[in-house]
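Peer 1: Produce the entire structure from the sequences given, and follow the hints as far as they go.
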Amino acid sequence: MSKALKILLLVVWALTGVTAHAQNKVKNELVLFADRDFCISGDTLWVKVFVPEGVHQFGNIVHLQLESQSGNLISTGAIKRGNSHAEGFIAVPDSLQTGLYFVHAFLNAQRNTDDLECIGRAVYVYNRFEESIEQLPVLRDKSFLMTPATNGKTVNISADQSNYTTRDEVKGAINVPGDEFVFVVASARMIDPFSKANTGFLNFKMKDLTTTIPAFTEKDGVVVSGNISDKASGNPAKELVLLSVAGNGAYLDYYYPDSSGVFHFFLPRAMGNANIILQPLTVGETLFDINVTPVFMTGVQQLKFDTTFVNPVQAQTIENSIKGTFFNKLFYGVSIRPDESFEMPNPYGMPFYGWPDNHVVPDNFIDLPDFQEISRELLIGLQYRDRNDEVTFRILNYAQDRFFTKEPLRLINGIPVFKNSFFQNLKSTEIEYIDLVKTERVFGDLRFKGVLSVALKDKSNGWLAQQPNIFQLSVPCVQYTKHVDYKAKVEGLAQPDTRQQFFNEMLEESGSWPFRFQLSDVKGELEIRVEAITKSGELYRTSKIIAVQ
Amino acid sequence: MISLLKYTGVVFGMLFCLTMQAQDLGIDTYQLNSAANNLQGKMLGEVHVLSSDATYYFLYPDDWVTGSVTLMNGNVYENLQLRYHAFEDELIAYNENGRFLFLVEKELVESFSFEDADRTRKFIRLVKNNNQQTNMYLEELYKADISLLVNWYIYEQTVSPYVDRNGITRAINYVMHKDYYLYTEKNGLEKIRLKKRSLFLRFPEHKTEIRKIIRKNHMYINNEASMVKVLGLMQENGLLE
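Chains as they are written, first to last, in our numbering: chain E, 1 to 549; chain U, 1 to 241.
Please keep in mind that the hints were generated in silico from the structure rather than gathered at the bench.
All C-beta atoms in this analysis are idealised placements derived from N, C-alpha and C, irrespective of residue type, glycine included.
Incorrect hints may have been included.
Label-pair distances were calculated between CB atoms; the ranges are [claimed, not checked]:
id: 1; chain 1: U; residue 1: His218; chain 2: E; residue 2: Glu508; range: 52 to 58 Å
id: 2; chain 1: U; residue 1: Glu110; chain 2: E; residue 2: Arg385; range: 40 to 46 Å
id: 3; chain 1: U; residue 1: Asn166; chain 2: E; residue 2: Arg385; range: 38 to 44 Å
id: 4; chain 1: U; residue 1: Asn166; chain 2: E; residue 2: Arg376; range: 42 to 48 Å
id: 5; chain 1: E; residue 1: Asp363; chain 2: U; residue 2: Arg119; range: 43 to 49 Å
id: 6; chain 1: U; residue 1: Asp145; chain 2: E; residue 2: Ser474; range: 29 to 35 Å
id: 7; chain 1: E; residue 1: Asp485; chain 2: U; residue 2: Met136; range: 48 to 54 Å
id: 8; chain 1: U; residue 1: Met176; chain 2: E; residue 2: Arg376; range: 53 to 59 Å
id: 9; chain 1: E; residue 1: Ala173; chain 2: U; residue 2: Gln132; range: 56 to 62 Å
id: 10; chain 1: U; residue 1: Asp53; chain 2: E; residue 2: Lys427; range: 46 to 52 Å
id: 11; chain 1: E; residue 1: Arg376; chain 2: U; residue 2: Leu50; range: 51 to 57 Å
id: 12; chain 1: E; residue 1: Asp485; chain 2: U; residue 2: Glu110; range: 56 to 62 Å
id: 13; chain 1: E; residue 1: Asn112; chain 2: U; residue 2: Arg215; range: 55 to 61 Å
For lysine-lysine, the following DSSO-like pairs were computed, each having C-alpha atoms within a straight-line distance of at most 30 Å [stated by the list, open to error]:
id: 14; chain 1: U; residue 1: Lys128; chain 2: U; residue 2: Lys207
id: 15; chain 1: U; residue 1: Lys196; chain 2: U; residue 2: Lys122
id: 16; chain 1: U; residue 1: Lys195; chain 2: U; residue 2: Lys122
id: 17; chain 1: U; residue 1: Lys186; chain 2: U; residue 2: Lys207
id: 18; chain 1: E; residue 1: Lys219; chain 2: U; residue 2: Lys122
id: 19; chain 1: U; residue 1: Lys106; chain 2: E; residue 2: Lys219
id: 20; chain 1: E; residue 1: Lys196; chain 2: E; residue 2: Lys323
id: 21; chain 1: E; residue 1: Lys219; chain 2: U; residue 2: Lys128
id: 22; chain 1: U; residue 1: Lys122; chain 2: U; residue 2: Lys143
id: 23; chain 1: U; residue 1: Lys143; chain 2: E; residue 2: Lys219
id: 24; chain 1: U; residue 1: Lys229; chain 2: U; residue 2: Lys216
id: 25; chain 1: E; residue 1: Lys459; chain 2: E; residue 2: Lys427
Peer 2: Structure, rendered in C-alpha cells:
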C-alpha cells in the first residue's frame, strides 16, 4: 500500500513538474507582442503590451527594454497604457552586434513584487554590416520558450489565394469567434526560418538590479533616479538636488538625498525626451558628480545559451534581409528618427513661484546695455548693488513694505542661479521677459525671499557650459503615440520594395476582420499570424503560411 | 587679549560665512529631511505672519488640527496642520519642518478637510457660480445632485468700548456668521435658511412630498444635521433631480 502510494505521489509530482514547465498560462503578467522575430540593427521594433486588469493599480506607464544575453540594457522606452494595452516601439541601435536579444516590459510600481514575471519575446538582431553569419546563439533549454496553444479555438485565417508572386495584393479575412479571447493581435511577416524556430514568448522572472529606484506608481509620467557624490572622494553627498527642465521655465523640483546620495524625481505628464538640469544646492568649492540611473529590471539572469551553426538556406534568408534593409535605408531613409521634441504641461498650472507681481517685457522699452540699467529703469522693487565687483540683489517685500535682507531666488530660463555675475552683462535685447515676485514664497519645504526670474530669448542654455556642478542630461520620458506605416512606399517597379512586415494590428475580441496588403519584392514564405490571450488566460497562436514566388 | 581677538575674529568669520552663503543661495532650506521628498509634487504658497486679531478672532478651529488638502491636479497632501482664516477666506498651513505658516495657494486647491470636534469638516473651493468665475471656500455639508454649502464669514460690529485680553481698548468686535446655500452647477448658489419653509420655497413642486418625508421621519429642521438628513431623504426619493 505504501509502495503504491509512493509511486502515485511520484507520478503526480512528475506530472505537476511537466505541467509547470510547459505552462503557457497568463496570470497577472504583462504580455508583449512584437511585429517581428528578427531585426536588422538600426530597425525599429514595434510592440503591443497586454496589461491585465489586476496590475492597473501599478500605474499606466509601461517600461519596455531590450536586453542582451548577458543582461546588459540595450534600449528602453516608456509607453502609456490605454484601457488594457499599450503600444510603442524600441529603437534597435545601429551598431548592435548580431545575437539573441530579449524584449520585455514591466511597471515601475511592480519593482518590489516578489516573483515578478513578464511574458516577453526573444528576437534576433542581425548587424547590418555583418558580411556573413555562420553561427548564432540559441537558448540551451528550449522549454523556456512558451508554446502557445494552437488548437481548440476556431480562429480562422483565409486568403484569396495560396500562392502569390511578388507585389501581388493579398486579400483575406480573420474570423475571431465570440466570447473566447481578451486580447488578439494579428500580423503578417516574411518568415526567417532560423528566428522563427528559435524565438517566441518567454516567461521572464524579473530582478531589480538597481534596488535604489523606488516602486513609485507612475501615472502619466516617469520617475528619474540617480545619485550625487563628492567628485574628489567619490563618497555619497547629501546636498539638496534641484531639478529644472529646459524649455519649461515654470517648473522646479528638489530632493533631499539619503545617506547613499540617491535621489528621485517624478516628471508628471512628460512626453518625449526631456532635457533636465540637475544641480546641488551649493556655492562652495566642492565639486560634485551627478549620475542618472536607468529605470531597468533584468529578466535574463536565469537563461543559458549555446551556439549553433546556421544552415545555408537560413544564412541566405538572413543575408537577403540585411541587403533588403540596406536598400530600404538607401532609398527611403530610416522609418523613425529619434524624436527630440518634449512636452510637459506645468502640473501646478502656474509657475512654481506663483503668479509674478511684475511681468516685464524689455522689448516694450528702449534698449538697455546691461542688467544694472534694466533693473534701474524697468524693475521697480528690485535693488541692484555692485560693490567691489560683487553684485547683490534685494527685492521689496510687499507684505512688510521693506526690502528683504537676503538674496531672492534667481532664475535664468527657470534654472536656479547662484552667481549674480551671470546677470551682469545681460542686455535688454537678449531678454524675453522678467518676472518679479515680491512676497516670501513657499515651495514645499523651501522658502524664497522674493523671486527674480529672467527668461532669455535664447533657450539653448549655452551659458551653462563649463559651469561646475550643473549637469545637463537627456532623459527619455513617455513616448508620443506613433503608428508604424507598413504600406509600400515605392512608385513603380524601378524602386525596390524590401518590406518584411505587412501589418500588425490589434483585433476586436470577436468578429470578422478583413485585411488587404501589397506584397514586397521579397520572396519566400509569408506568415499571417494571430496571437491571442484566451479568457482563461491561455496563450494562443495560429497562423497561415503562404508562398511568395 | 590676543586670544580674545582671535575668538572675536573666528566668530565674525563664521557669521560672515553664514551671511554670505545665505545671500548667495536665495533658497532657505531649514532642517530638511527625507520627509520633504514628495515625488507627487510640492505645496505652493506664501509665507504668512498672523496678526494678533487674526489669531484670536479669525482662525478656525481654535487650534491647529490635522487635515488634508486635495489640489486641482489630483495630488493629495495629508497630515498637514491646518486652520481656516475665515476673515480673509484663506487656508493656512503650518510647516513643521521650517516652523512657519503659509497661505496655501488658493488657485491650486480643490478641497480641504480637517477634524473638528469629532467630525470631519470639508471645504471646497467654488470656482464657478452662475457661469461667473469665483474663488471662495465653502464648507460642504452635503453633496448629491444638489449640494448644501456654508459660507463662513466674519464681520466687524461696532460695540461699546471695552478692554480686550491684551489690555487694549476696543470699540469693534468680530462676529462669525454662516450663510447656507443650495448649489447646483446650473443654478449656482441659492441662499437658504435651515427651515422647512425654505425648502418649500426652493422646491414648490415637491412641497407635499417634502412635508410627507418630514412628518414620516418625525423630523424638525432647525440645524445643519437635520437639513442634511432631509436632503438625503429627498435625494433617495428623487426629489433633488
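Peer 1: Confirm or reject each hint.
Peer 2: These are the hints, each one checked on the structure:
About 57 Å separates the C-beta atoms of His218 of chain U and Glu508 of chain E, a value consistent with the hinted range of 52 to 58 Å. Between Glu110 of chain U and Arg385 of chain E, the C-beta spacing of about 43 Å keeps the proposed range 40 to 46 Å intact. For Asn166 of chain U and Arg385 of chain E, the Cβ-Cβ distance of about 40 Å falls inside the hinted range of 38 to 44 Å, so the restraint holds. Range check, Asn166 of chain U to Arg376 of chain E: about 44 Å between beta-carbon atoms, so the 42 to 48 Å window is met.
In this structure the hint that Asp363 of chain E and Arg119 of chain U lie 43 to 49 Å apart at CB is violated, the actual value being about 56 Å. At about 50 Å, the CB distance of Asp145 of chain U to Ser474 of chain E disagrees with the hint of 29 to 35 Å. For the pair Asp485 of chain E and Met136 of chain U, the supplied restraint of 48 to 54 Å holds, since their beta-carbon distance comes to about 52 Å. Look at Met176 of chain U against Arg376 of chain E: about 48 Å separates their beta carbons, and that is not inside 53 to 59 Å.
Distance hint for Ala173 of chain E and Gln132 of chain U: a CB-CB separation of about 57 Å, consistent with the stated range 56 to 62 Å. Asp53 of chain U and Lys427 of chain E have their C-beta atoms about 48 Å apart, which keeps the hinted 46 to 52 Å range intact. For the pair Arg376 of chain E and Leu50 of chain U, the supplied restraint of 51 to 57 Å is violated, since their beta-carbon distance comes to about 36 Å. The hint said 56 to 62 Å for the Cβ distance between Asp485 of chain E and Glu110 of chain U, and at roughly 42 Å that hint is violated.
Here the CB-CB span from Asn112 of chain E to Arg215 of chain U is close to 59 Å, well matched to the stated 55 to 61 Å. Between the alpha carbons of Lys128 of chain U and Lys207 of chain U the distance comes to roughly 29 Å, so the proposed pair stays at or under 30 Å and holds. For the hint linking Lys196 of chain U to Lys122 of chain U, the alpha-carbon distance of about 24 Å falls within 30 Å, and the restraint holds. For the proposed pair Lys195 of chain U and Lys122 of chain U, the alpha carbon gap of about 23 Å is at most 30 Å, so the pair holds.
Simply put, Lys186 of chain U and Lys207 of chain U have alpha-carbon atoms about 21 Å apart, close enough for the 30 Å limit, and the pair holds. Annotation: proposed proximity of Lys219 of chain E to Lys122 of chain U holds, straight-line Cα distance about 26 Å (limit 30 Å). Proposed proximity of Lys106 of chain U and Lys219 of chain E is supported: the alpha carbons are some 25 Å apart, at most 30 Å. Taking the CA atoms of Lys196 of chain E and Lys323 of chain E, the gap is near 19 Å; set against the 30 Å cutoff, the hint holds.
Between Lys219 of chain E and Lys128 of chain U the alpha-carbon distance is near 28 Å, which keeps this suggested pair within the 30 Å criterion. Proximity of Lys122 of chain U to Lys143 of chain U is assessed by CA-CA distance (about 11 Å); at most 30 Å being required, the pair is judged to hold. The hinted pair formed by Lys143 of chain U and Lys219 of chain E meets the criterion: a straight-line CA distance of about 28 Å does not exceed 30 Å. In summary, the hint linking Lys229 of chain U to Lys216 of chain U is supported, as the alpha carbons are separated by about 13 Å, within the 30 Å threshold.
About 15 Å separates the Cα atoms of Lys459 of chain E and Lys427 of chain E, which keeps this hinted pair within 30 Å; it holds.
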